[in-house]
Structure formats: structure tokens, C-alpha cells
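Residue numbers (the numbering used here), protein chains in the order written: chain A, 8 to 524; chain B, 132 to 495; chain C, 10 to 317.
Calculated directly from the structure, the hints in this document are not laboratory data.
There could be a bad hint or two in this list.
[Unchecked claim] Pair ranges (Cβ atoms, derived):
| # | chain 1 | residue 1 | chain 2 | residue 2 | range |
| --- | --- | --- | --- | --- | --- |
| 1 | C | Q125 | B | R487 | 47 to 57 angstroms |
| 2 | A | N385 | B | I154 | 25 to 35 angstroms |
| 3 | B | K483 | C | Q125 | 42 to 52 angstroms |
| 4 | C | I289 | B | R487 | 52 to 62 angstroms |
| 5 | C | N196 | A | F25 | 20 to 30 angstroms |
| 6 | B | K483 | A | E331 | 51 to 61 angstroms |
| 7 | B | F190 | C | I289 | 45 to 55 angstroms |
| 8 | A | G264 | C | V298 | 48 to 58 angstroms |
We put the beta carbon where it would ideally sit given N, CA and C, even for glycine.
Listed below, chain by chain, are the residues.
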Amino acid sequence: MAAGNNLAVEMKGITKRFPGVIANDKVDFELEKGEIHALLGENGAGKTTLMNCLYGFLNADEGEIFINNKKVEVTDPNVAISHGIGMVHQHFMLVPPFTVTENIVLGKEPTKNNMIDYKTANQNVRDISKQYGLNVEPTAKVQDISVGMQQRVEILKALYRGADILILDEPTAVLTPQEVKELVKIMESLTDEGKSIIFITHKLKEVKSIADRVTVIRSGKLIDTVKTDTVTTNDLANMMVGREVILEVEKKEANPGEVVLEVEDLYAKNERDLMALNGTSFSVRRGEILGIAGVDGNGQTELTEVLSGLRKKEKGTIKFKGREITKPQTKRLFEEGISHIPEDRQKRGLIMEFKLYENLILGRHDRKPYASGINLNNKKIKEEARRLIEDFDIRTPSETVQAKSLSGGNQQKLIIAREFDRKPDLLIAAQPTRGIDVGAIEYIHNSLITQRDNNKAILLISLELDEILSLSDRVAVIYEGKIVDILDIGDATEEKLGLMMAGAESEEEPEGGGQVG
Amino acid sequence: MVDKDISEKKAKYLQEQHLVDFIVPIISIIAGLIVGAIFMLIIGAEPIKAYIVLWNSSFGSLRGFGEMLVNTVPLIFTGLAVAFGFKIGLFNIGGDGQFLVSYLAAAYIGYMFQLPMYIHLPFALIAGMIAGGIWGGIAGYLKAKLGIHEVITTIMFNYIALYLVGYLAGGPLKAEGLLPATPKIFDTAKLPRFVPTMRIHYGIFLALAVAVLIYYILWKTTFGYEVRATGQNPDAAQFGGINVARNMVLAMFISGALAGLAGTTQALGLEYRAYQPFGFVGYGFTGIAVALVGKGHPGGVVLGALLFGVLSRGAMMMQSMVGVPKEVIEIIQAIIIMFIASEYIFKYLARKWRERKGGVADAS
Amino acid sequence: MLANLTALLSTTLRMATPLILAALGGMFSERSGVINIALEGIMLIGAFTAMAGSYFFSPWIGVLGAVIVGMIIAAAHALVSISFRADQIVSGTAINIFAAGITGFLLRLIFGDAGQSPSVQDVGTWKIPFIKNIPVIGGVFGEQIPFVYIALILVAVSYWILFKTPFGLRIRSVGEHPAAADSVGINVIGMRYIAVIMSGFFAGLAGASLSIGLLDLFVKNMSSGRGFIALAAMIFGRWTPHGAMLAALLFGFADALQMLAQTIGLTFVPRQFLLMAPYILTILALTGVIGRSTPPAADGEPYIKEEV
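From just these sequences and the hints, can you work out the full model?
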């Protein structure tokens, strides 16, 4: 009986709670030896949490983990490593000025006469890379090689430590399409050699083309584990995004006016100097909410940063109220009438150590009535702060506490109060409800609708499909830095959008995408 | 909307925060004094007696009080310099270099020009400030434009200042005669003394006024708002349309000018010329201690400067009257800095203690 | 002329020695990600300890004492800045102030003098048999204080440790990308402690070379900024042992030139300009005017393990 059990990993009833949320709720997961198993789910569904429990970064509150049919308490990554588990993180753990070999052998260096035996080390790296078809140059410095290469180094690091079970966390997120193809080849040669692979993803197309089986997780719960050849991408999309709509927003028919923002053929690079916006075009009119739907990392961050003057564009035009903005500067954009709810309230939205009244004037601190000349008008500032706290229902003991003492939802309301109070013509809301409680979400949604009804143009960028669907009047889907299509809300269904977001519709793979190798 | 429920909890939290701000410096000062006492016991001196001497040397007589204030003046300025740097998130440890260039620049204006006092004195003061400001501003520029750590550049600029001022005061700008110093400044450039028999000069009022001004700038002006915003969260500041790079240069200029005022008042109020320096007086480094004790607040800086003014005044007296080497003060100073810098461990221990006592820590 | 050249080069080597030693110390510390501006103070304490050791016991016991005390003080810097998460600059500053205080205090206490200690036995010189007879080279390398040879050997040893051993690779990984090092099971905190304590070893030795190598007594505040020049040499030498050595030699040369110019009455360049040169060169090196010098990526950053 035991011999027939061909499981590399078995996780039973894993529950992991964080303050206020259950990230994993009695999740079961099985990985067979020699298979490629996709772990599919939306952002925040609990995929990474589950894998962190397996790798020992987190300790599950409940549940059991078996590795090769042996019960294991994975208290920290060293335990996981010693049981043959290797993890390739989304953000590579590599030392840039070190060579490929140095990165791979770090912490487990072969030595001769107390010195690192570079000859053996390089040979080891060459041997492993040949065995699995991972072509790397052992003596190249990591900072000089491509992202795809760096990922191979990460995989080699795990293999060098004797990993039989590999966890790849969103491995394709940072790769070009060609690099993805090469990765798939590598994954196949790894399984040919008897390794088992778990790969975390939210891209449906990849699941179908790469994985043997797929486990779908939604809101921390296991939905199902199925063989990929028994389901269609459509089924997967439904399993992944098709949840009951919990947020119903009352709204009237939109009454759109003239175009306020017109973006045409916009190009911009990301942090890694790769093109993240590849000719994005769309326009937003007064009195409407344009929702931008898309999977994380398809250019949304770059788009909001270009539109708020924090990132320079490579090409393309931005027209605001009919005039072209050639060189967007943060301060200028404010003054022209663009308000902006940033996607990361702690990093960009608020100064946590500042008091509420100080946060409420950021960006207009040098303008009347908050300042006269070089002086701050603190009395007026506090007065206005009290008004905004009242108007926007911010729960706080007073306007003189630090922003960090508020709850997430109230912090977000603080930003909304500041940005709405500017009376902008265009409001860019990026992830306006991320990580906040239901009450605050409802409040923020209603405020966005009110702004729309007050004839403002609103650009809503969100990873939450629900949010996009319940608020938007039109929906644009962004994929790899391009707008795939713009649909009227009446035509937009979750399935349709889900497929477009996963790149299924517009993608024209020359080789069909399915069979590789 | 004011919420009663959280109001109480937050008030308690705020109280604790303030407590930490006050308690940590006080514990640190006490720890410093205890360590000092241990050293005194080692050499067979009586700490209590020594500390009484220390106290009396500053507060026992008007003369002593005046001398203590003489020590305090430069420390207020260098303390403010470090504190202002902290506010924008930069560490100006170049106070000693900024002190020296300003010292020389003020003295130079003081003896080179013959002007009525109401022009000459401000002229000399401003020249001193600008010299120190440039010395600090360069470090700010190198940080803002090239990302070079300001600690490294300000250290380097300390020594460049030391040798540059040494060269100028002992060479091209040297007065006739044997004394390695510039000529004496004219009376019109002097900061007057207000008690004829004492060395204390109007620099003390200037220092207090500047402390108030810095407070005003930081909390009452838009520039101060931008400085604090940049120091707390440069990303959010930039998002708010604040020119982070420009503010860094400007803030380091101001920080340098503040440290420069220490040198300026030294030249115009005390020494009336610039001597060739043979090393650093150390006001810049003590300024770090002053700013830390004062928790970066101008009012706290004044108190911190008084503390170190009293200590340095008392050091001499303790040595001559109870035979405690004056260097014990430096040891006390170092211990105070170490303790304040280790604030994290205080908070950590306090949290542990509260957890043990209260069972569960507050979830929020 | 030749005699002057020999003297100049010989002095260069001697003046560079404390800088080389302290720069090596700074390098180990910063390579692991901890800025150590306490080099100055540790040197001073090392100088005092070496003198006192020689006074009460023997010169080499003095050297041993200097090294041990140096490591203890460095351990304090490590404790406060790594475990207590104090600002590394603040902690270093406090140690520098402490060093000035404690050495002055003990000087007064033991020797009853404010300015300097009595003359003690120094470590003497070592003669190298064959080299000694070669012209010029013999004059420079043939007979020197032991610290010169020790420093040169330690440069080679440090190079070997840092670039050839697993330990060195791990130190460097911790200073560049602590999270990556942590993910392969390297103890980041432990490595940093070791590296900082090593820097105390080198700075203590550098201090000994001042008091009972270059001189035979302790003078109040005798490190007089050499810890900071060593920091400059380390930066100028791009955080490598050989680079730091070359930079220290260059700075030592400027110092020697300035001393020689004074003794033979040359005034073609004011001596202060020569003294200033190291600092100006270092700034230029950092700005990239003469090849950009970049510190380890995590230099000065405390490592706080992410609590998910």
C-alpha cells in the first residue's frame, strides 16, 4: 500500500491565520513525484502562504506535512532544504557582484587546503547545468547576466543543495516570452530527471501548457485539484475568479462628458530597465469610471507612476484637458488638477510619523489657505483637518495623532480625504481598497461613485476584478503593458475579463504555446 | 469623527511614546553619571563630593555660571546643526570642520574691514554662516546628486578644513609676530559682553534666538514641513511634489551654517581672532551627543547643551579640587551617547516586561 | 639625494603602516556591512595599552594586550550597533569619545601626566639579512620596525581570507545581500560580529604600531585622525586589501614628504596641502572623478530579519 503511494509532498488541512485574516483555511495539497504541479489563484488567494509553510518560512497553525511519506515538522528553511526542498523566490536571493558559481556554492563551498576550490566548484556547476540543460556561464558575474539567467542560477542553487522538490514562485513574472519557453524546457528536463516541481502562478495559459495537474486556491480555500488536460482555460478561469460578488454598489447610469485624459501609445520602462508599458492607449471622460483590470505586474504600477510624474516616459503622449503634458512633474500635475491615490499607502501615500493634519496637506502645503508666504497656517490647517475628519468619517481620537496609529481603512480614508479635497478633474485611484476592512471598502467605493456623479473623471486601477466590475463604466484590460481591449461594463463578464487578463485572447503564439520541446 | 473607544487606548499609547522620549535620555544621563562615579571610586575619589563640586562650579557663583554658558554657546549651535540634519535624515558629523571654516571666515571679515558696528557685526556673522553652510552644503550636494554617504564626506571635509584653516591662519592670513593667528578683529565686529568682568557674550542670546528660529522653521514654515516630510519618508515627500534633492542640499547648508555659528561666535565673542588650529576642539562631535540627548528638538538641544556645558565646566574644577581627572567627563559623555543610541533595547525590554506583566500585548 | 630618497621611502613605509593595519580592519567590518568609524578610538586605546604593556611587562606583551583590548572594544561596537540596533555612526562616535576619555584618564592616573607617558621600551627593528645590503631597497626594506613587515604580511593574509576562503565569501555575501546569505543558512549576525571583532584586532595592532613602533611612548590623542585616514585609504582602495595598502602608501608618502620638506627646509608646497591630499583624493574617488569607488551594497544597513 505504502509503495503505491507516489507522493513527494502531502499537506493535510493546513490552516494559517494572520491577524484579521485566514490566509489558508484547511487546505490539502499533494505533489506526485515527477510531476509539474501548478498552484493557481488570484493575488492574495493564499498560494504563497501555503508554500511558505512548506518551505518553513511560516509555521502553519494547523495541519500536517509529509515529505516523501514521512511526517516532517518544517520549522525553518534549513529543515526543508535537508528534506530536499528548494525554493526559487520571486525576488532573487543572489549577490550581484558575485560570480554565478560563487552564488551557487555560497554556504556550501567545496574546499581544498582551506581555500575555496573554484576549479571543482565551477566543474560542479557545469555538471549540474549540463545534466538539467540549464546553460549558464559559471564565471560570469550575476550583475552582468540577464534576468532569465539569474533565475537559472537560483534553480541551480537549489539543485546544488540536492533539491528533489522545487517550488518556483511566479517564475514567469519577470521573464520575456522567449525566456519563458526556455524555462519550460528546463522544467521538463528536471521532471525527466525525477524532480518534482510546484509552480505558483496566476496565468491560466501557463497552467494549461506547462503543468500536469493544477490546484486552485481562492480566498484561502482549496477549490479543487485537477488534471490540466481534463479542463479548459475557461473552467480554470471560473474556478479562479468566479466567486460570489459580495460587494454590491448602488449607482446610476453614467453620463460621460468630454475627454479629460488621453493617453496614446505610451512606453515606459520598469525598475529592471525593461519596457513595462508597450504602447498603452486609452482615454477617460468626465463623469465616468474607467477601470483598468489586469494581473499584477503588467504595467499598472508604471502607468500610475508615469501619470503622477514619478517615472519618465520613453515615448507617447499624455493629453490632459486637451493640452499635451510633455514633461509630467508631480507638482505641476497636482496644480493642473490630477489627484492620485497611490497603490502603496505606507510607502507613498502617507508619512506615518506625521500627524493627521500634517498628512492632510501634503502636496498643497505651500498653497493657500494652508500657507501664507513661507509660513504654515497651522490653525487653519487643523481646522480644515477637523472638517475633513468629520466629512470623511475618519475614526480617530483627534487630528493630532500620528497617521501610523490609525487602522488601514482609516489611513486610506485619510488619503482619500486629501485627494478629493483638492477638487481634481481627474482622480487616479490605484488599488484604493487594498488590505482594508469591508466597512471602509464600502465607504471608499461609494465615494468614488459620488465623485463620478459630480462629473469627475476617474481612472481606477485595481487587481480586484470584483472592484473593477462593480465600479467601472468601461473596463480596459491591460496585459504586458498594452491595453488588450476596452469593453463597456454591460459586455464585461468575469470569464471574458479573466481570459483577457491571462493573455488568452489576444495572444497569438506562433508555435501554439501548448506543446513545447 | 472622534471615537471615544480608541481615544483612550491611543491616549495611553501616546503617553508611553512621550515617556520613552523623556525617560531614555534621563536613564542615559543617570547611567553616565553612575559609570563616572565608578571610575572615581576606582581612583579613590568620592563621587558625591565630586558631583557636588561639579554642580557648584556652574551654579555656585555668577562667574561659574557665566563660564558654563561660555561652554554652552557653541554646543547649542552644533547640537542644532546635528538635529537639523537628523530632521531631513542626514547625519552631519562635519560640525568640527564647519566650525573651523566659519571661525576663520568671521575673523577675516572682522579684521579686514572697517565698518560701523551695525554693518560689520552682521556682515561677519553672515560670512561665518555662509562659510560653514558651503562646507555642509557640498556634502548635501554630493549626497543628493551622487548618493555619497554624507558621513564619509563630512569626515573628509573636517580634515580638509583643519589643514586649510591651519594653512591660512598660520600663513597668508597670519598677523605679524610670533603668534600663529590672524590679526585681532576690530571692536565693531565683536559680539559684546554684557557683564564687563565676565567672558560671557551676546552669543548666548543669539544661540537661544537661533534655537527658537529653528523651531519656527521646522514646525511653522512650509520649508520645515518639507524637510520633516523628506526626513520621515522621502518617497511620500516626492509623491507630494516636494523637491527632495534640493531640500537635502539646502538643509545641509543650514546645518553647516548652524555649526558655523559656533565657530563664528567663538571668533567674534571670545577669542577676537582665529588661531591656527592644532586639532579639533570637538564641538562638532559633542554636538551629536547634545542632539541625541535633546531628541532632535531645539528645546531639547538647548537643555542638552546646558548639560554638556555644565559637565565640561565642572571637569576642570573636579580635577583641581577633588583630583578626578577631567577626562572622566568624556567617559560619561560616551556612556550617555551609547545608552541613548541603544533606545531599541529599552523599548524591547519594556515590551517584554509589559508582556510578562500584562499577559497579552495590545494587538493593534 | 639618494640618501634623501631612501629616507623618504623608508619613512613612507613606516608612516603607512598604522594606516594599512587600520584600513584592513575597517575593510573587514564594512565588507560585512558594518561601518566602523571607531577605528580612531580603538587605535588610541590600542596605543595606550601597548605602551602600558611595555611599561609593566614587555613590548610584545603590550602588542598582545593592544590586540585583545582592541577586540573587546570592537565587540562593544558590535553589540550596540548589531544587536541593540543603534546607529553605527553614533556608536562609533561614542567609542571615539570614550577612547579619548579613558586614555587621558589612565594616563593621568598611572603616570600622573596630562600630555604623555614616560618613554618605554619599543619593539625595536627587524633586519632582513640579504635585502639589507641592496642599495635603496635595502635602506627601505632592510631594517624596519616589525609592524611594517607584519602589516605587509597581513595584507596578503587578508587578501587570502577575503577572496580565497569560504569565510571571506560569506563575509562579503553578508555585506552585499544579507537576505541572500540568510536564505542559504549563513548566520548574518554572527558573521558581522566576527568581522567587527576582527576590525578591532587590526585597529588595536595599528595603535600598538603608533606608540611602541613609530615612537616609544604614548602621547595624548596620538591617533590624531589616523583612524579616519585609514577609513579614507580603505575607500580609496575600494575595500580591497591591496588597494587599501596602495592608498595607505600614497597617503604615507604625502606625510613623509611633508616631514622631509620640513626637516630640509623645502617649502615648495605648504605642508598642510600635503596633509590634506588624502582626504581630497578620497572625495574625488567617491565622486568618480578618478574611478568610482562603490561601497558594499548593505554597508551601514542593520539586518532585521523579516517577520512575515
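Of the numbered hints stated earlier in the document, which are not met by this structure?
none
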